[in-house]
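Here is what each chain is made of, one letter per residue.
There are 4 protein chains.
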Amino acid sequence: MSSSDVILGQNQYGKAEVRVVRVNRETPVHELIDLNVSSMLRGDFNECYTSGDNTKVIATDTQKNTVYAFAKEHGISTPEHFLLLLGRHFTQSAEVSGGRWTAESYPWERIQVPGAAGELRAHEHSFVKSKQEIRTAALTIEDGVEHLLGGFSDLTVLKTTGSEFSGYPKDRYTTLPETQDRIMATDITTRWLFAAGTDAQATDFDAIYAQVKQIVLEQFALVHSLSLQQTLYAAGEAVLGAVEAIEDIRFVMPNNHHYVVDLSPFGLENPNEVFMAGDRPYGLMNASVMRKDAPSRPKAWEWLGGFC
Amino acid sequence: MSSSDVILGQNQYGKAEVRVVRVNRETPVHELIDLNVSSMLRGDFNECYTSGDNTKVIATDTQKNTVYAFAKEHGISTPEHFLLLLGRHFTQSAEVSGGRWTAESYPWERIQVPGAAGELRAHEHSFVKSKQEIRTAALTIEDGVEHLLGGFSDLTVLKTTGSEFSGYPKDRYTTLPETQDRIMATDITTRWLFAAGTDAQATDFDAIYAQVKQIVLEQFALVHSLSLQQTLYAAGEAVLGAVEAIEDIRFVMPNNHHYVVDLSPFGLENPNEVFMAGDRPYGLMNASVMRKDAPSRPKAWEWLGGFC
Amino acid sequence: MSSSDVILGQNQYGKAEVRVVRVNRETPVHELIDLNVSSMLRGDFNECYTSGDNTKVIATDTQKNTVYAFAKEHGISTPEHFLLLLGRHFTQSAEVSGGRWTAESYPWERIQVPGAAGELRAHEHSFVKSKQEIRTAALTIEDGVEHLLGGFSDLTVLKTTGSEFSGYPKDRYTTLPETQDRIMATDITTRWLFAAGTDAQATDFDAIYAQVKQIVLEQFALVHSLSLQQTLYAAGEAVLGAVEAIEDIRFVMPNNHHYVVDLSPFGLENPNEVFMAGDRPYGLMNASVMRKDAPSRPKAWEWLGGFC
Amino acid sequence: MSSSDVILGQNQYGKAEVRVVRVNRETPVHELIDLNVSSMLRGDFNECYTSGDNTKVIATDTQKNTVYAFAKEHGISTPEHFLLLLGRHFTQSAEVSGGRWTAESYPWERIQVPGAAGELRAHEHSFVKSKQEIRTAALTIEDGVEHLLGGFSDLTVLKTTGSEFSGYPKDRYTTLPETQDRIMATDITTRWLFAAGTDAQATDFDAIYAQVKQIVLEQFALVHSLSLQQTLYAAGEAVLGAVEAIEDIRFVMPNNHHYVVDLSPFGLENPNEVFMAGDRPYGLMNASVMRKDAPSRPKAWEWLGGFC
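Chains as they are written, first to last, in this note's numbering: chain A, 63 to 370; chain B, 63 to 370; chain C, 63 to 370; chain D, 63 to 370.
Chain A extracted, bound-state conformation:
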């Protein structure tokens, strides 16, 4: 084979995990936003790969600097707005045809301290990290088209009853007994695609985030579940029913198995009271719930993994 038979295929490069903390100190009540930003650029970078010619390669260090400078110049209102600022900036460069930008956003709550009358009040500049879940945002720009995703990772939930699993096919390798009552537990990771025509400036991404999280928690709690898949679908359907701006919502949900411990060797019954929480293996569900008339937009998703 001659080397002329080999070509550069799809490629992107950038700076990953730029940790930027932005404090708004305009009033004594400080605001805090805490992001982990990655910026990946696409374009005609062929010569960098084949001959080491970096003429078109915006240094990844420059991408990092831009994140910090923009945090000062423009502030950070929401992760989604900040990624749009970055993506639109970089795609103005002649070298850049598109890219992918992501952010993790770490939620912080104000520490509660005693107020004048002894009641608790939120402190002005002291915070405790929530960690319940990590908020995410992701932006693809390709051929001048923007695809914007909101989301969150690893919201861990468990219900001690109200979950069944039965009716599945039995083959030579099936040993699982059917159950009408089990623990169901998962770490909910989800991303939602904003409809193509969404006006970002007019969109309250924080409010949508809070709304989606609450809907997903409610559905998990309230649906009597015949399978984790059914719960997933109910959550997606409820989100689409409530939030006009979302056209497709996808989930990655492990089934965090809790095994009923056999206590009969010790002369004890165990009516779903004592469980062993397993690590591996675990069930795993990936699915999209979408509007029937939503356009196909695979570019929004395919580079993320796990959501296809």
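These aren't lab readings, by the way, just hints derived from the structure by calculation. For clarity, every value in this text was computed on a predicted model and none was experimentally measured. Glycine residues also receive a C-beta, built at the ideal position from the N, C-alpha and C atoms. There could be a bad hint or two in this list.
Said to hold, decoys possible - In the DSSO-like style, the derived pairs of lysine-lysine whose C-alpha atoms are separated by at most 30 Å in a straight line are: (1) C:191 to C:275; (2) B:118 to B:275; (3) A:275 to B:193; (4) B:361 to D:191; (5) B:118 to A:193; (6) D:191 to C:275; (7) C:191 to D:191; (8) A:191 to B:118; (9) A:232 to C:118; (10) C:354 to A:361; (11) C:193 to D:191; (12) C:191 to A:118; (13) D:354 to C:275; (14) A:191 to B:354; (15) B:118 to D:354; (16) D:193 to D:118; (17) B:232 to D:134; (18) D:134 to B:361; (19) C:191 to A:361; (20) B:118 to D:118; (21) D:193 to C:191; (22) D:193 to B:354; (23) C:361 to A:354; (24) D:275 to C:191; (25) A:275 to A:354; (26) B:354 to D:118; (27) C:232 to A:134; (28) B:134 to D:232; (29) B:193 to A:191; (30) C:232 to C:134; (31) C:354 to A:118; (32) C:361 to C:275; (33) C:193 to A:232; (34) B:118 to B:193; (35) A:275 to B:191; (36) C:232 to C:191.
As the list claims (entries may be wrong) - Take a look, some chain A residues computed to stay more than 10 Å from chain D by CB distance: (37) 206; (38) 231; (39) 332.
Start from chain A and add chains B, C and D according to the hints.
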């Protein structure tokens, strides 16, 4: 050297990370406790090591089974009470002279769902994991004496102002500029030693836990800090002032550095608004705050590492 | 919106991280293979999601059992062959239209012990884990077409010289100085796509694996690098030049920055001798190197993330 | 309680995880050493805690700078020698009465490339990270006395036969069947204490490291094991028999359980051929093997955790 010149020194063995989830289903409002329990035994196990004679070795699998059986037989009221049950059980065996038992306890909150009148209410059997911190308990029994520790790990806090650092000695290798205003951030890990005479049955370990956590958060928020050490001491002093049953409280606190980004190359000022959150290296503080008249009880602490 | 406007989009489900260790004991010289296998099925599972009807849902527990049973019945010759066995088995079911199967394979080496004449020899049944990298395999079956990938993750390499970076564009946010001599370090993750017509039974996947690893290491060492991209491309080109059966090879390579420490405040020069190894941020490169005439097979890649 | 009843107990502070990479470029064959260094100081720091007076507090940033400056000024011959340099430097300060210094050392191997005659040769400046284990060193200085430990973490080994476990006591909670043939697997973490009179300058710490690692691997392979404890002791005894400079060696060894999968539901036998590698729980052994006449030196160990 002949092998008779070699002896077995200190030793212990057991089962680590037994994941036990206990559901109380006595009423439709289920209770959930979620622990990671380890059990390590000490005793005269010399022959196991030197000749492979296991006559005295309570199998680690038996220790695991005991955890699950006790969860059913006795329930789990608090991590501290459960460790006392285990420790007292195992030290009844002739083979066992003492041991160390630990638990991590993962906090879960009830999911909020709409109530009859539209207001939110706590769901009966659906939970979301808090993750703000991990609660810990540790018990040493040696020579018939019990040493019981409560605690928590990795409560992450940050204040955007109200922290200084100056006045330190300058030597050839000092370059750090003094500062009157910086971000202070840490992951608080702490363990507290219950006084020797504590009556475990009469002690509300859950209430003490909640109280210590709130005091530590408040002190972090309210103390104008001249160093992370000063904040640590203030937290310890406040805990000892409020909780009679604690005689020694120790902290492991990293200083999670947040660096002010130099934006001057871009013609921008940065008056403590944009920070880079660093990973490594980080400052690290370990210290004990104790009652002046507390007895010396090194056995409670020395096997845990980081707290000496 | 009525719920009839909502549909189930792409979906898959299965069992993740089935840890299977297979020992071949046919002779006193035991063979060991250590895999982490995941199995994800696709098909018409709509009713499971929308109504909780599990009639077509092959339980994930059954998938797990199949992994273990097949390990006994068929043995595990290579990760690639084992995934083909699993994928072809599951896609025989009427319910299943396709799926994705992955394996991590952990390399073990025989422990060296003294032989009869004092020289070291490989022990028959005692092993030490290599950990230098993790071998991977991935199989997509969709519409009756198989896409098979070999690969490895996190082969960490570093060169102390022979790496430059200069000639990149300078904009308002550029501060990086050009360099003719730097440390270059990365964790090489790569996957390679076997050509569509590959006869799996006739292919020595272990030999190809060893060959690709050696080529990639050599190119990293021998290429005087003007950018990490150039090194990546050289490695891909060399692999395609040497291994006929591969038609597309993709890389994910972070640029693990090593910063020259400024020792001038201490009156010391630092001619690239003392470095701080950074954690975050890091550069990141994703790229494909492929044969010019290779068919487009996005299904092989898009669900993996990071490789598009 | 008045605050005068509260005192500062044991305490230390410093800089953790200083990542220093040192390249020796004196010849074209570069040498590479890659450390993660922590420095913790003890002394009379009472006023820093109680009043925020930092007059005696050597800034943790200064400690970090010292690590980098010393790497240039003195080079890094071995982790042990480097810690001695640091510890002796800091304890010269009037403020400092002692401290603890630790290092992780990451092994790198030279990449093998084709030589002139086609045979493989070691490259001059290109390396691949070994990862088989992490080398460690730890130094305590207290009251003018030095305690120096060598060691390594997480050397993962497995034997497919030659391991039994039986003869243990049976109580109400015992269900484990006895076995004459099982997989034994562990991650060996060990630290060894150099005898008090050891002349560090005359000691070849690298040679001792290589020797201990080889002995431990050999004993694991060659001892027919009646328990993991027996294997541990045999390894310790062999090390003490071979290395005069070591007076006490301690191990932390999990028992990484491999469960024989029950294939009988599928009509298959499983004579120790197919195993499920478990995650949690796991057995855990900690023990010291020491010379009978070794002096008691608890200060060397107690702050490390897990080794007491």
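Results of checking the hints against the structure:
1. Only pairs whose Cα atoms come within 30 Å are accepted, and residue 191 of chain C paired with residue 275 of chain C is accepted, the gap being roughly 17 Å.
2. Restraint check for residue 118 of chain B and residue 275 of chain B: the C-alpha separation of about 42 Å exceeds 30 Å, so the hint is violated.
3. Straight-line distance between C-alpha atoms of residue 275 of chain A and residue 193 of chain B comes to about 16 Å, which keeps the hinted pair within the 30 Å bound.
4. Restraint check for residue 361 of chain B and residue 191 of chain D: not satisfied, since their Cα atoms lie roughly 40 Å apart, outside the 30 Å limit.
5. A threshold of 30 Å between alpha carbons decides the hint, and for residue 118 of chain B with residue 193 of chain A the separation of about 45 Å lies outside it, so the pair is violated.
6. Distance hint between residue 191 of chain D and residue 275 of chain C is fulfilled; the C-alpha atoms sit about 14 Å from each other, no more than 30 Å.
7. For the proposed pair residue 191 of chain C and residue 191 of chain D, the alpha carbon gap of about 14 Å is at most 30 Å, so the pair holds.
8. This hinted pair does not check out: residue 191 of chain A and residue 118 of chain B have alpha carbons roughly 47 Å apart, beyond 30 Å.
9. This hinted pair checks out: residue 232 of chain A and residue 118 of chain C have alpha carbons roughly 10 Å apart, not beyond 30 Å.
10. Pair hint residue 354 of chain C plus residue 361 of chain A holds up; C-alpha atoms about 23 Å apart against a cutoff of 30 Å.
11. The hinted pair formed by residue 193 of chain C and residue 191 of chain D meets the criterion: a straight-line CA distance of about 9 Å does not exceed 30 Å.
12. For the suggested pair residue 191 of chain C and residue 118 of chain A, the alpha carbons sit about 43 Å apart, so the restraint of at most 30 Å is broken.
13. Taking the CA atoms of residue 354 of chain D and residue 275 of chain C, the gap is about 49 Å. The hint is violated against a cut of 30 Å.
14. Taking the CA atoms of residue 191 of chain A and residue 354 of chain B, the gap is near 34 Å; set against the 30 Å cutoff, the hint is violated.
15. Of the supplied pair hints, the one linking residue 118 of chain B and residue 354 of chain D holds, its CA atoms being roughly 23 Å apart against a limit of 30 Å.
16. In summary, the hint linking residue 193 of chain D to residue 118 of chain D is not supported, as the alpha carbons are separated by about 40 Å, beyond the 30 Å threshold.
17. About 21 Å separates the Cα atoms of residue 232 of chain B and residue 134 of chain D, which keeps this hinted pair within 30 Å; it holds.
18. Our distance criterion of 30 Å between C-alpha atoms is broken by residue 134 of chain D and residue 361 of chain B, whose separation comes to about 42 Å.
19. A threshold of 30 Å between alpha carbons decides the hint, and for residue 191 of chain C with residue 361 of chain A the separation of about 40 Å lies outside it, so the pair is violated.
20. For the hint linking residue 118 of chain B to residue 118 of chain D, the alpha-carbon distance of about 53 Å lies beyond 30 Å, and the restraint is violated.
21. For the proposed pair residue 193 of chain D and residue 191 of chain C, the alpha carbon gap of about 9 Å is at most 30 Å, so the pair holds.
22. For the suggested pair residue 193 of chain D and residue 354 of chain B, the alpha carbons sit about 47 Å apart, so the restraint of at most 30 Å is broken.
23. With a CA separation close to 23 Å, the supplied pair residue 361 of chain C and residue 354 of chain A stays within the 30 Å bound.
24. About 14 Å separates the Cα atoms of residue 275 of chain D and residue 191 of chain C, which keeps this hinted pair within 30 Å; it holds.
25. Note on residue 275 of chain A and residue 354 of chain A: the hinted pairing holds, with a Cα-Cα distance of about 23 Å set against a maximum of 30 Å.
26. Proposed proximity of residue 354 of chain B and residue 118 of chain D is supported: the alpha carbons are some 23 Å apart, at most 30 Å.
27. Of the pairs offered as hints, the one joining residue 232 of chain C and residue 134 of chain A holds, with about 21 Å between alpha carbons and a cut-off of 30 Å not exceeded.
28. Between residue 134 of chain B and residue 232 of chain D the alpha-carbon distance is near 21 Å, which keeps this suggested pair within the 30 Å criterion.
29. Taking the CA atoms of residue 193 of chain B and residue 191 of chain A, the gap is near 9 Å; set against the 30 Å cutoff, the hint holds.
30. For a cut-off of 30 Å, the pair hint linking residue 232 of chain C to residue 134 of chain C is broken: about 60 Å separates their Cα positions.
31. About 23 Å separates the Cα atoms of residue 354 of chain C and residue 118 of chain A, which keeps this hinted pair within 30 Å; it holds.
32. As the CA atoms of residue 361 of chain C and residue 275 of chain C are separated by approximately 25 Å, the hinted pair is consistent with the 30 Å bound.
33. The hinted pair formed by residue 193 of chain C and residue 232 of chain A fails the criterion: a straight-line CA distance of about 39 Å is larger than 30 Å.
34. Distance check on the hinted pair: residue 118 of chain B and residue 193 of chain B sit about 40 Å apart at the alpha-carbon level, beyond 30 Å; violated.
35. A distance of roughly 14 Å separates the Cα atoms of residue 275 of chain A and residue 191 of chain B; the hinted pair therefore holds under the 30 Å criterion.
36. The hinted pair formed by residue 232 of chain C and residue 191 of chain C fails the criterion: a straight-line CA distance of about 46 Å is larger than 30 Å.
37. Separation of residue 206 of chain A from chain D is adequate, the least Cβ-Cβ distance of about 42 Å exceeding the 10 Å criterion.
38. Once the 10 Å rule is applied to beta carbons, residue 231 of chain A is consistent with being away from chain D; the minimum gap is 16 Å.
39. With a least CB separation of 14 Å from chain D, residue 332 of chain A remains clear of the 10 Å interface cut-off, as annotated.
In this structure, the hints that do not hold are numbers 2, 4, 5, 8, 12, 13, 14, 16, 18, 19, 20, 22, 30, 33, 34 and 36, in rising order.
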